[in-house]
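Here the protein sequences line up with chains A and B, keeping their order.
Sequence positions in the first sequence follow our numbering and run 19 to 459.
Sequence positions in the second sequence follow our numbering and run 2 to 312.
Simulated from the structure, these hints should not be mistaken for laboratory data.
Among the clues, some could well be false.
Said to hold, decoys possible - Short, incomplete list of chain A residues facing chain B, as computed with Cβ under 7 Å:
#, residue
1, A280
2, V336
3, A340
4, A388
To be verified - 25 Å max Cα-Cα, derived SDA-like pairs, lysine to any residue:
#, chain 1, residue 1, chain 2, residue 2
5, A, K227, A, Q252
6, A, K53, B, T138
7, B, K160, A, Q252
8, A, K227, B, Q128
9, A, K412, B, I35
10, A, K147, B, L260
11, A, K53, B, L134
12, A, K227, B, F263
13, B, K160, A, N387
14, A, K412, B, T116
15, A, K412, B, E190
16, A, K53, B, K160
17, A, K412, B, K160
18, A, K72, B, F263
19, A, K412, B, H271
20, A, K412, B, V77
21, A, K72, B, P120
22, B, K160, A, A157
23, A, K255, B, L70
24, A, K412, B, I121
25, A, K412, B, D272
26, A, K412, B, A268
27, A, K412, B, F263
28, A, K53, B, F144
29, A, K412, B, I132
30, A, K412, B, T138
31, A, K412, B, V265
32, A, K412, B, L275
33, A, K412, B, A62
34, A, K53, B, H271
Treat the numbers as computed from the prediction; the structure is a model and nothing was measured.
Idealized CB from N, CA, C, for every residue including glycine.
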Amino acid sequence: MFAIRYSAVLVLVVAAAVGFFVWKTNAPTNPFAFKLGLDLSGGTHLVYSADTSKVPPAQVADDMAALQQVIERRVNAFGVGEPVVQTQQGGALGNGAYRLIVELPGVTDVNRAIAMIGQTPTLEFKLVKPGFEASTTLADGSVNPDAFQDTGLTGTYLSSAALQFGNGSSAMASNPVVEVTFNSQGTQLFSSITDQNVGRELGIFLDGKLLSAPVIQEKIDTGNAIISGNFTAQQAKDLATNLSLGALPVPITLASTQTIGATLGDEAAHAGVLAGLIGFLALSIFMIFWYRLPGVVSVVSLGIYVALMLALFKLVPVVLTAAGIAGFILSVGLAVDANVLIAERMKEELIAGRDASHAIREGFSRAWNAIRDSNIAHIIAAVILFWFGTSLIKGFALVFGLGVIISMLSAITISRTFLLALGVSASSRVGRFLMRSGFNL
Amino acid sequence: MDISKNLKYFFILPAALSVLALLAIGLWGLKPGIDLAGGSLLQVSYTSVATGSGARPDMSAVTGAIAHLGLGEIRVQPTGANGYLLRQRDLSNTEKNTLEQALGTLGTVHEDQFTSVGPILGAELLQKAWIALFLVTLCIILFIAFAFRHVSKPVESWKYGVVAIVTLVHDVLIPTGLFAYLGHVRGAEVESLFIVALLTILGISINDTIVVFDRIRENLGINQDRNRREEFASVVGRSIMQTLARSINTSLTVVIVLLALFFVGPASTHDFSLTLIVGMIAGTYSSIFLAAPLLVAWQQWTAKKVLAHNK
């Protein structure tokens, strides 16, 4: 008896500590603050399909990893807090198609986000064929395709790009320009091109458009080139950023967009919390009125269950979505399931004439089979849902599955400890009243 | 209570509801949401209106402003105090901007949310949903067959499995029928969360059925140990009465929290909680008044056949 009471107090102390932790770590700056999904915090969720049809199968995984890196760099340059960039394979079901998922919390200007991610600048250097110097462009202003020959030098060989302002030696004295630095391979290529073609014009193309075609004065082996063209400072800066971030290894197309405004997300989060509180309160009232003492105990252990779950959400961490909150609220309803089973069994044992302590132990051990079976069924559903999931459904399944496991633990161990620790005797009228339930006394 | 006498009355309600649900599904079908069929949804709210005095421009003004954009059929629906929901085919970003510009001519408009799903992504999710539904059902059959492998008299264990599946079909049919009806009267759409709700119902509802079956199993075992002869129907009736409070109360606790979610919870889980509430109630009813009586009916039918054969 003493040992049981001792452990009951210990459980209460630990639960209070967990509750205190949950309560005290809610400031947005705290590393243990709740992580809210895009539907609650507001933000943009983009899904791209990657076209890997032209990539040899063995190289696809590498390319997707490279794609993820490039996009991550781009998104980080965008200055988003905690962006998520993931690659995902559609599996055998989606014909093995590859996906790129980008989540940008707080970003609701999807136009700029899409532009930032989608812009793949292609930078090419092409020599002007001898005799075509005067006719690099056609009458309508477009590039004359016959006038240029490929050199093989492209933006792929860049190591960096930076915004510069003209050094004052020419007419474009203070115009913004972009200085690109080639990597070692690019430097060699550039050096040999300039060496062999002194006196010829080298056209610089951005996204297929001819920017300029300066005359090669001498061999350049420093690995630097200046790209000029009537840029504004902002244009030159954007170009420099885009070039440094690198080209996308595989083409991507936008397959799905989701933007949720911060106000709407905030409303949803508040509604979710309110629904949880009201649900918990209504449930507590029902349990206490119907099951009396075991009801009170189940409400206390339910409170501990909620504290444990919230702490887990913070520690794992679980990203909370509206569906996840729904899953959690559902799991609160299911968590008392075991308590109901046990209380009903205990009542039967008491009717059969056992004393309270025996009835509690018997009730728990005999209810165990049914509790185990039903929880197995829930876990099966949760696992399949998790597998089935888009991020929305995964959030629900994870919370639901965690809830089933934790609630089993809290119902079996915590409720039992408390009931035994209270040590109510069923021999008195009051004791009998407290331990039984319903109206059929 | 001897349920064998009232057997046929128990069947009436679930059978009638199932028929109604089937009719609703057959008649109106289910409207797949944009996450399953592809398409887009734009929610906007107006902070000021160019002409008139309302909180938002008139519906006719909105449909007029967007009619000639060439974006296919656009369904406009008012939402909240000053907002509109627009549903249409999936839009590229430029197309969305065109649409918002057109809406902006009627007042100061703010984009609350926008979702656009390409048709391939939707089809893939739908396919996954079917597989998930199939897998859950399969796992549950296997689980029941395993849990009841030792029970064979007077009803073989596989029959428990079959009856459980019939019950599950009923539990899923009712909310599905309801959504076919809601789709007809107020354009409710079936989204991936609806499928999640169905799968959750499968997991929870099987639970109630298992508890009743479990009690039947236990009572049969006790009778066998004590060498007592008792009609199967009366064992089942006794088991139902013993588990009645438990079955109702465990569902009630879930329904209580779901009602809170339905009435004050976020809009995005509104239909989800409705599906679950209906499924839970159907599941509780069917585990008491469909599953166990079915077992009895089957046992009596088999017994009659054996009797006729022996004559």
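Structure-based check of each hint:
1. Evaluation of the A/A280 hint against chain B yields a violated restraint, the C-beta minimum of about 10 Å exceeding 7 Å.
2. Proximity of A/V336 to chain B is violated relative to the hint, the smallest CB-CB distance being about 17 Å (cut-off 7 Å).
3. Hint status for A/A340: holds, given a least beta-carbon distance of 5 Å to chain B, under 7 Å.
4. A cut of 7 Å between beta carbons decides the hint on A/A388: the least distance to chain B is about 5 Å, and the hint holds.
5. For the hint linking A/K227 to A/Q252, the alpha-carbon distance of about 19 Å falls within 25 Å, and the restraint holds.
6. Among the hinted pairs, A/K53 with B/T138 is inconsistent with the structure: their alpha-carbon atoms are about 33 Å apart, more than 25 Å.
7. For the suggested pair B/K160 and A/Q252, the alpha carbons sit about 74 Å apart, so the restraint of at most 25 Å is broken.
8. Taking the CA atoms of A/K227 and B/Q128, the gap is near 44 Å; set against the 25 Å cutoff, the hint is violated.
9. Only pairs whose Cα atoms come within 25 Å are accepted, and A/K412 paired with B/I35 is accepted, the gap being roughly 19 Å.
10. A distance of roughly 77 Å separates the Cα atoms of A/K147 and B/L260; the hinted pair therefore is violated under the 25 Å criterion.
11. Using a Cα cut-off of 25 Å, the hinted pair A/K53 and B/L134 is violated, with the two alpha carbons roughly 30 Å apart.
12. The straight-line distance between the Cα atoms of A/K227 and B/F263 is roughly 57 Å, outside the 25 Å bound, and the hint therefore fails.
13. A threshold of 25 Å between alpha carbons decides the hint, and for B/K160 with A/N387 the separation of about 21 Å falls inside it, so the pair holds.
14. Proposed proximity of A/K412 and B/T116 is supported: the alpha carbons are some 19 Å apart, at most 25 Å.
15. Restraint check for A/K412 and B/E190: satisfied, since their Cα atoms lie roughly 21 Å apart, inside the 25 Å limit.
16. Pair hint A/K53 plus B/K160 does not hold up; C-alpha atoms about 47 Å apart against a cutoff of 25 Å.
17. Note on A/K412 and B/K160: the hinted pairing is violated, with a Cα-Cα distance of about 34 Å set against a maximum of 25 Å.
18. A C-alpha spacing of about 49 Å is found between A/K72 and B/F263, which places the hinted pair above 25 Å, so the restraint is violated.
19. A C-alpha spacing of about 19 Å is found between A/K412 and B/H271, which places the hinted pair at or below 25 Å, so the restraint holds.
20. At most 25 Å may separate the alpha-carbon atoms for a hinted pair to count; A/K412 and B/V77 exceed this at roughly 31 Å.
21. Restraint check for A/K72 and B/P120: satisfied, since their Cα atoms lie roughly 23 Å apart, inside the 25 Å limit.
22. A C-alpha spacing of about 84 Å is found between B/K160 and A/A157, which places the hinted pair above 25 Å, so the restraint is violated.
23. The hinted pair formed by A/K255 and B/L70 fails the criterion: a straight-line CA distance of about 35 Å is larger than 25 Å.
24. A C-alpha spacing of about 20 Å is found between A/K412 and B/I121, which places the hinted pair at or below 25 Å, so the restraint holds.
25. For the hint pairing A/K412 with B/D272, the CA-to-CA distance comes to about 18 Å; that is within 25 Å, so the pair holds.
26. Restraint check: the Cα-Cα separation between A/K412 and B/A268 comes to about 19 Å, which is no more than 25 Å; the hinted pair holds.
27. A distance of roughly 21 Å separates the Cα atoms of A/K412 and B/F263; the hinted pair therefore holds under the 25 Å criterion.
28. As the CA atoms of A/K53 and B/F144 are separated by approximately 36 Å, the hinted pair breaks the 25 Å bound.
29. For the proposed pair A/K412 and B/I132, the alpha carbon gap of about 16 Å is at most 25 Å, so the pair holds.
30. The straight-line distance between the Cα atoms of A/K412 and B/T138 is roughly 19 Å, inside the 25 Å bound, and the hint therefore holds.
31. A C-alpha spacing of about 23 Å is found between A/K412 and B/V265, which places the hinted pair at or below 25 Å, so the restraint holds.
32. Restraint check: the Cα-Cα separation between A/K412 and B/L275 comes to about 20 Å, which is no more than 25 Å; the hinted pair holds.
33. Simply put, A/K412 and B/A62 have alpha-carbon atoms about 41 Å apart, too far for the 25 Å limit, and the pair is violated.
34. Distance restraint check for A/K53 and B/H271: the Cα-Cα separation of roughly 22 Å lies within the 25 Å cut-off, and the hinted pair is therefore satisfied.
Checked against the numbered hints listed earlier, the structure breaks hints 1, 2, 6, 7, 8, 10, 11, 12, 16, 17, 18, 20, 22, 23, 28, 33; every other hint is satisfied.
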